[in-house]
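Given the coordinates of chain A, assemble chain B onto it according to the supplied hints.
For reference, the chains in residue letters:
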Amino acid sequence: MSAPPAPRVTGRLLRLAGGRVSLRVGPRSVAVGALAAAVVVLGALVSLTTGGFPLTLAEIGETLVGQGSRSTEFVVLTLRLPRLLLAVMVGGALAVSGAVLQSLSRNPLGSPDVIGFTTGASTGALVAIVLLGAGTLGTSVGALVGGVVTAAAVVALSAGRGTQGLRMVLIGIGIGAMLLSVNGWLVTTAVLQTAVEAQTWLLGDLGNRGWPQVVALAVALVVLLPVVFALARALALLELGDRPAGALGIDVGRTRTVLLIAAVGLAAAATAAAGPIPFLALAAPQIARAATRAATPVLLPSALVGAALLVAGDLAVTRLFAPVPLPVGVATGLIGGLYLVVLLVRTWRGSTT
Amino acid sequence: MTRLLAQGVTLGYEGRTVAHDLSVTVPDDSFTVIIGPNACGKSTLLAALARVLTPAAGSVLLDGREIAGYRSKEVARRLGLLPQTATAPGGITVGDLVARGRYPHQRLLRQWSDADEVAVAEAMALTGVADLAPRLVDELSGGQRQRVWIAMALAQETPILLLDEPTTYLDISTQVDVLELCARLHAEVGRTLVAVLHDLNQAARYATHLVALRRGGTVAATGTPEEVITEDLVGDVFGLACRVLPDPETGTPMVVPRRPLRPGPGAVAGRGVGDGVPAVGG
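Residue numbers (numbering that gives the first Met the number 0), protein chains in the order written: chain A, 0 to 352; chain B, 0 to 281.
Bound conformation, chain A alone (with noise of 0.2 angstroms):
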């Protein structure tokens, strides 16, 4: 056989099962994924051993088999293991949806939590915990509700030709503006004593969580990722905008409508879970996008570089500020917040040359 041509293609190609299977690999996005994989692990060494009860990995291994002592089960698995899976999945679920969300806008601001829906997801938690008085799986699910009614609203009212590009993104922005204020009020009409467990809910929280909402979590993810990386193909092709998208033999509307509702699903999922965590959905797609120079949304590292943003983030809130508890949204606010600021100097930069 003669020496292959010259790859025209980027990437690596895997050929599996005699050729029946093949993959393309970007060796770019590999790297990512593998260097964020490897600093969630190393955060979660790090959360597990270090904090106010240390402990030794060999102390660890003996309480995931159910051998360790009573003092070191409560810490591990009652205290930090919940709150490691929660950071890895609640960081990936949101990392995705934002990935989704902004390429099917084509806009790097159409995140959940720009397009209004995570305030909306607050003003369904609000009215459980203010007026309703639930408790926690209450407020789950009110958060769970008010975050889909929020997202179905918004796409509603941008719906034809406007699911794409700016007037999603400004009518989240400004449907998120009223129900910010919404919340706002909520707040002011409680008595003390909610209206501090309100705020609390809204700081988003990784720790005070238990296995209920771990498993609620763990499925959601079962569920919606797998839809998720099975249309990543069909995602990367309606960037090329929906006529070519079309003529390629994607159905549109039916992948867009699934998409979307994927999406949501997992930010609605991650937020009831964890409460608002801001910025992630915004910056860890952008994030891994531009690590990886990808032309494609790449999903896998997005969900990689969000767990790794968020079981650091929470580990450095933790354990810096001990024994003061700060809510992770803090560091997601102060990371993203620079991304943001970053984004749009270059944006501003670029269209003014």
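Everything hinted at is true.
Residues from chain B that face chain A, not an exhaustive set, calculated with beta carbons under 7 angstroms: (1) 51; (2) 98; (3) 109; (4) 111.
By construction, these hints were calculated from the structure, which means they are not laboratory data.
Glycine residues also receive a C-beta, built at the ideal position from the N, C-alpha and C atoms.
Just chain B now, with coordinates in the frame of chain A:
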């Protein structure tokens, strides 16, 4: 059996009807060009033929079946479309963009087969962009970019290719390049081409079959360029008084607008805009 035809279609956008009860047949193995004035429904008809637009009434038939009844990927394996506007994602290389055209032939777990490799290579060789494979699409000139989009449509390996105004926004030598490429695709590679063109002389030169639409979406004439491009038709459809001469290079009909631009009273009926008012060209 003709592979692609529209039967009594009514086409429109959001309440505005562009064509009513329009029937157009695309002869097999032809290079069909659709001509007509602005807003006569040329691009809309092409969109309906490509299945990116659903007719409000009537049907488009592909290989004897209703085109709406096929699965999207099935249509994409038989019909390729070069749309008027398409955005290349930032940072994509030429090779990758052309490779996107292989999507209808790929599956989730079969993302790059030998057939894909061959098709992309051939498409890029035909359009002369093989050397540009590692370059970023954003860095290319307009003409180069148009050839890359054509390569992507070619990589789809469809027997029928639809082109929506492939020469608009290009300079004249690039326009000729693109049309020569289309002619080669039709004659040598044996594809059926359907293109929407604004330039009557280009249409007459390259088409084997012309479809002239009037404003309002009705067929004014169909046939060979010699049959369709006549002084009467141009006056009727475009409201332009002209002479039709044989092109000195190819012998095909060549439209030369007369002065004054509008036919006077008693001559061929025009649009009645008034003498001396410059035409909004066809």
